[in-house]
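> Sequence:
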Amino acid sequence: MRLMVVFALSFMATKAQAEKIEVPIDVGVGPAGLMWNGPISADQPLHYALSISGGAVLDKALIKKNGKRIPKKYRRMAKSLDEVRIGHILIPDTLIISPQLNNTGIYGVSWSPLKLGVPLVKKPFRLKLTANPVFTYAFIHSNQPQIGSMHFARPGLAAGASLEFKLFGPLRCSLHARTQLYVPQATGGSVADLGLTDNGLSDNAIWHVEQFALRIHYRFPYRTRL
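So the sequence shown is numbered by our numbering: it starts at 14 and just counts up by one.
Everything labelled a hint here was simulated from the structure, so no lab data went into it.
All values derive from a computational prediction rather than experimental measurement.
It cannot be assumed that every hint is accurate.
As the list claims (entries may be wrong) - Think about it this way: if two alpha-carbon atoms lie no more than 25 Å apart in a straight line, the pair counts; the simulated SDA-like pairs of lysine to any residue are: (1) K179 to I38; (2) K135 to L108; (3) K77 to L140; (4) K78 to K141; (5) K141 to G118; (6) K78 to P183; (7) K78 to V131; (8) K179 to A144; (9) K179 to R232; (10) K73 to G169; (11) K135 to Y231; (12) K135 to A205; (13) K33 to K77; (14) K73 to P234; (15) K77 to P126; (16) K73 to L108; (17) K179 to P132; (18) K136 to D39; (19) K179 to A190; (20) K78 to E35; (21) K141 to W124; (22) K141 to L127; (23) K141 to H189; (24) K136 to K33; (25) K73 to S111; (26) K141 to A190; (27) K135 to P183; (28) K135 to F181.
With the hints as extra help, turn the sequences into a complete structure.
So, in C-alpha cells, the structure goes:
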C-alpha cells in the first residue's frame, strides 16, 4: 500500500513541468447491498446503497511509458504492477440510502480513494482480489430499542474480489463482493463507545459489514499534465 501511495504522489509531483499525457478516466455507478452484523442484521438483513467509482486508471503500459517519473528505488516494483486506480479523496465509494422498511433505516457514506488489486484472470475478463482502507459514516435510526439512533463513524479495512468485463464501446460492467472490518462501535452507542465488556467484545458491537455491488462503467480518455 505504501508503494501505491508513493507511486501516485510521484506522478503528481511533476505536474507543473511535465508534458501532457492521455490518462483513462473510469466512472462507474450501480446498486449495492450491505449486511451489517449484530442487531441491525437481525432486524433487516439487507440494506441498500449506491456503489460509485471514479478516477484515473494507470495500466501497465502507462506505468512502463512513464517509468522515469517513479523514484528509482520503486521502479522495479512499480513495473511489476498490473494496474493502479487512483481516485479523489472527496469522491465516495458508497452512498448508503436505505429507508426504514422494517424498523431500521441507514443513511451514510463510505470513502476508499486508494485500492490495491491483485489480478487472477486478465482475459477475456478481469478477475482480481482487492484490499483497501475504508472510512464509513452512517446515521442509523430504528424503532427497535436495542438499536435506537446512533452516528456510526469508523475507519476500517476491506478485502474482497471483483469481476469486470466489457459490454460494448466505452461501457463496462463489474461485480464486487467485499468484507469490511471496522474498529468496533456499540450499537446505539456514541462514537467513543467501543462496545467492550468485561468478557471482551459485546454481542451488539458493530464491526463487520458485507457488501455486494454491480456497477456500469464509462471509460474515456483525458489529457492532463502528470
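> Please go over all the hints and tell whether each is borne out by the structure.
Against the structure, the hints:
1. K179 to I38: It holds: about 15 Å lies between the C-alpha atoms, which stays within 25 Å.
2. K135 to L108: The hint is violated at about 29 Å.
3. K77 to L140: Answer holds: K77 to L140 is near 22 Å, not above 25 Å.
4. K78 to K141: With a Cα-Cα distance of about 24 Å, the restraint between K78 and K141 holds, given a limit of 25 Å.
5. K141 to G118: violated (32 Å)
6. K78 to P183: Holds, at roughly 23 Å.
7. K78 to V131: holds (21 Å)
8. K179 to A144: holds (23 Å)
9. K179 to R232: Distance of about 11 Å is within 25 Å: holds.
10. K73 to G169: violated (29 Å)
11. K135 to Y231: Between K135 and Y231 the Cα gap is close to 19 Å, so the pair holds against 25 Å.
12. K135 to A205: Given pair K135, A205 is violated - Cα atoms ~44 Å apart, limit 25 Å.
13. K33 to K77: holds (16 Å)
14. K73 to P234: Given pair K73, P234 holds - Cα atoms ~16 Å apart, limit 25 Å.
15. K77 to P126: Satisfied, since the Cα-Cα distance of roughly 23 Å is no more than 25 Å.
16. K73 to L108: violated (31 Å)
17. K179 to P132: Holds: K179 and P132 sit about 16 Å apart, inside 25 Å.
18. K136 to D39: holds (19 Å)
19. K179 to A190: Holds, because 19 Å separates the two Cα atoms, which is no more than 25 Å.
20. K78 to E35: Measuring from Cα to Cα gives roughly 11 Å; hence the hint holds.
21. K141 to W124: Given pair K141, W124 holds - Cα atoms ~20 Å apart, limit 25 Å.
22. K141 to L127: The hint holds at about 15 Å.
23. K141 to H189: holds (10 Å)
24. K136 to K33: violated (30 Å)
25. K73 to S111: violated (38 Å)
26. K141 to A190: holds (11 Å)
27. K135 to P183: holds (18 Å)
28. K135 to F181: Roughly 18 Å between the alpha carbons, so the hint for K135 and F181 holds.
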